[in-house]
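Student: Residue numbers (the numbering used here), protein chains in the order written: chain A, 805 to 1046; chain B, 249 to 509.
The set of hints was computed from the structure by calculation and includes no laboratory data.
Every residue, glycine too, gets a C-beta built ideally from N, C-alpha and C.
There may be inaccurate statements among the hints.
[Said to hold, decoys possible] Output of the computed footprint for chain A on chain B, the stretches with three or more beta carbons under 8 Å from beta carbons of chain A:
1) 301 to 307
2) 335 to 347
3) 419 to 429
4) 496 to 508
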Amino acid sequence: MIEINDVCVRYRLAKEKPKTLQEYLIDRLKGKRHDYEDFWALRDLNIGVRKDETFGIVGRNGAGKSTLLKVIAGVLRPTSGRVSVHGKIAPLIELGAGFDPELTGAENIYLNASILGLSRSEIKERFPSIVDFSELNEFIYSPLKSYSSGMVARLGFSIATEVDPDILIIDEILSVGDKQFVTKCNERMRLFREKGTTMLLVSHNLVEIAEICSTVLWMDHGGAKMCGEPKTVIDEYVKSLT
Amino acid sequence: MSASTSEIFEILRYKELLRNLVTRDIKVRYKRSVLGFFWVMLNPLLMMLVMSMVFSSLFKVTTPNYTSYLLSGIIFWNFFSQSTSTSVVSLISNSGLIKKIYIPKAIFPLSVVLSAVVNFFFSLVPLFFIIYMTGTPLGSHVYLLPVILVLVAVFSFGIALILSTLTVFFHDTIYIYDVLLMIWMYMTPIFYPESIIPQKFSFIIHLNPFYYYLSIFRGALYLDVSSVFEKLLYGFLFSLASLTVGWFCYSANKDKIVYHL
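With the sequences and hints as input, model every part of the structure.
Tutor: Take a look at the structure:
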């Protein structure tokens, strides 16, 4: 489903970055070269994720977890290496992105679902169940700016999961909404697993990762430190932290 | 080449997103105002009112149907300046999305230009109203209206691609373009007649792509413009050049954009 071969991602951090066009032109005229500092967010990463796997990613901050997700989502083109992904991807977007506060909840459903690549008729078809799952029934025609952050998160989760993706990318969520909604989300995630949806999960909640993932990848300094059975990997990871 | 053609197909695949972006733009722009969407029509009328009070004594004698001349210039220029100056920030203001989800990024400047097209259609209402009220006779080239609209939209999209890509790497583009746009406006015969330009400076006007578009637009509406088809050819060439350069500029940098947002 997801195949990552020898992928490297390099961020160029300019030591003295020319901030403006004028500075850039002046530096160019002076023949000044810019010193770059290379930061390899991913180095020679090889992983394969099968269909119906729930793939957890752990690692310390800056280990390259989010970069990996971006590469898989097609947002970042790797500096070198090959990435092949089969299937429709739906990332759970963090709060705010992709929503317009001035538009109503209903209008935002259309906007957000079309960002995920759905056609108009597909959105129409799914509209009732999105509203239903988000429990926003009487608020759905109010502007989003009047929503609480929990309501926005509920709407976001409902859209991303109702899109019926082949691959669901979840970057640190499920801490939103009240307890009852979290239970509902977990229930839906279980359904996805049973249906054979591939899930990629980044979380610092190791208990949750151990519980729901079938494979766990431990990332360190842009590489794969260990990959395999959740309990073993997480035990080793915890050991390294202490 | 194959990569940039596939991007075009990608944009077509995301046409529902394009539609939603355009409607969002139009809905949000005037949502908090009492008169709402009427501002699209009211704004050029008020501008025309002010400018005609200021300039009419100067140019009225030399320019027949000065009100129509002025208003057609204003709304046509507004279309161009609105679509390009809004698109300058179209990539950086959507960075939250671009960094999270794969979307063909050119869709953002494109949606800005298309929503300006929609606004332009609405501002044609007061224009035809004024043309009718002042008794300006319609010209014989009205059929050129859709042609010139396509040409100027393509031209704007090319500029929008260049500007939005450039802004990702140099934020100064925003402010530089503001100034350029103002200079450009004064160099285009929007509120003054072409005839007041001294002969020795007329080459400047012939280098200005917008001069051709505006002449054809006025020619399509009411004015008898000399050598319309020659101007049409120039307009077409400028549009083609702008789109080619814009698309090249965008395609060459589109994979780097995410790193700089």
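Student: Going through the numbered hints above, which ones does this structure break? Give me the numbers in ascending order.
Tutor: 1
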